[in-house]
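**Student:** Residue numbers for the sequence shown, in the working numbering: 1 to 154.
These are calculated hints, taken from the structure and not from any lab test.
Be aware that one or more of the hints could be misleading.
To be verified - Just the calculated beta-carbon pair ranges, DEER-fashion:
no.	residue 1	residue 2	range
1	Gln40	Gln20	38 to 46 Å
2	Val26	Lys86	23 to 31 Å
3	Leu80	Ser22	22 to 30 Å
4	Leu8	Glu46	28 to 36 Å
5	Leu8	Ala93	34 to 42 Å
6	Ser52	Asn21	29 to 37 Å
Yeah, the Cβ is synthetic: ideal placement off N, Cα and C, and Gly gets one too.
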Amino acid sequence: MINCTIFLKELGNNWERFEQNSHVVVHLPSASYSESIRQQLGSIEELEYMESRQIARICEIRNPNRDVVIVTRAPISDDLLEYYNKLLGLTTAIETGQAENQCSISSRYRIIVPEAIKYFHFTNDHNYCKCRVNIFSLENDSKTQTPNCHGNRK
Numbered sequence: 001m002i003n004c005t006i007f008l009k010e011l012g013n014n015w016e017r018f019e020q021n022s023h024v025v026v027h028l029p030s031a032s033y034s035e036s037i038r039q040q041l042g043s044i045e046e047l048e049y050m051e052s053r054q055i056a057r058i059c060e061i062r063n064p065n066r067d068v069v070i071v072t073r074a075p076i077s078d079d080l081l082e083y084y085n086k087l088l089g090l091t092t093a094i095e096t097g098q099a100e101n102q103c104s105i106s107s108r109y110r111i112i113v114p115e116a117i118k119y120f121h122f123t124n125d126h127n128y129c130k131c132r133v134n135i136f137s138l139e140n141d142s143k144t145q146t147p148n149c150h151g152n153r154k
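Assemble the whole structure, with the sequences as input and the hints as a guide.
**Tutor:** Encoded structure:
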């Protein structure tokens, strides 16, 4: 616990420098809900709905130094992904005032659905958070590589 406290204090003290360097944000929507909240939900569908509202975290890639990985319980619809791709691809065009400056941002984020999710039986008394399920997902080892590591950008 002491190491964690020291790390968090150091992170807070160096936040501006951290934000200016290339980094990857990994977002686990269910990790933000306590076990008691997950247990209060009437069904797994309610939890999936609450988590799906957090897809907007993909907008964090507006910072050119940041790539995003989102670990989600269910696949995100192609329509929603296309919407965010187009919306975020307009950022440069809006900043420059030139419509032709639209670009694709899909290489800067990754959405992961742990393959082990289908083996866990979710009930009101046993709602695992995705962190725990992700540990058991071997396939995610290769998926959690940085989306397009800044050092390797072309």
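**Student:** Evaluate each hint against the coordinates.
**Tutor:** Results of checking the hints against the structure:
no., hint, result
1, Gln40 x Gln20: 38 to 46 Å, "holds (40 Å)"
2, Val26 x Lys86: 23 to 31 Å, "holds (24 Å)"
3, Leu80 x Ser22: 22 to 30 Å, "holds (27 Å)"
4, Leu8 x Glu46: 28 to 36 Å, "holds (31 Å)"
5, Leu8 x Ala93: 34 to 42 Å, "holds (38 Å)"
6, Ser52 x Asn21: 29 to 37 Å, "holds (31 Å)"
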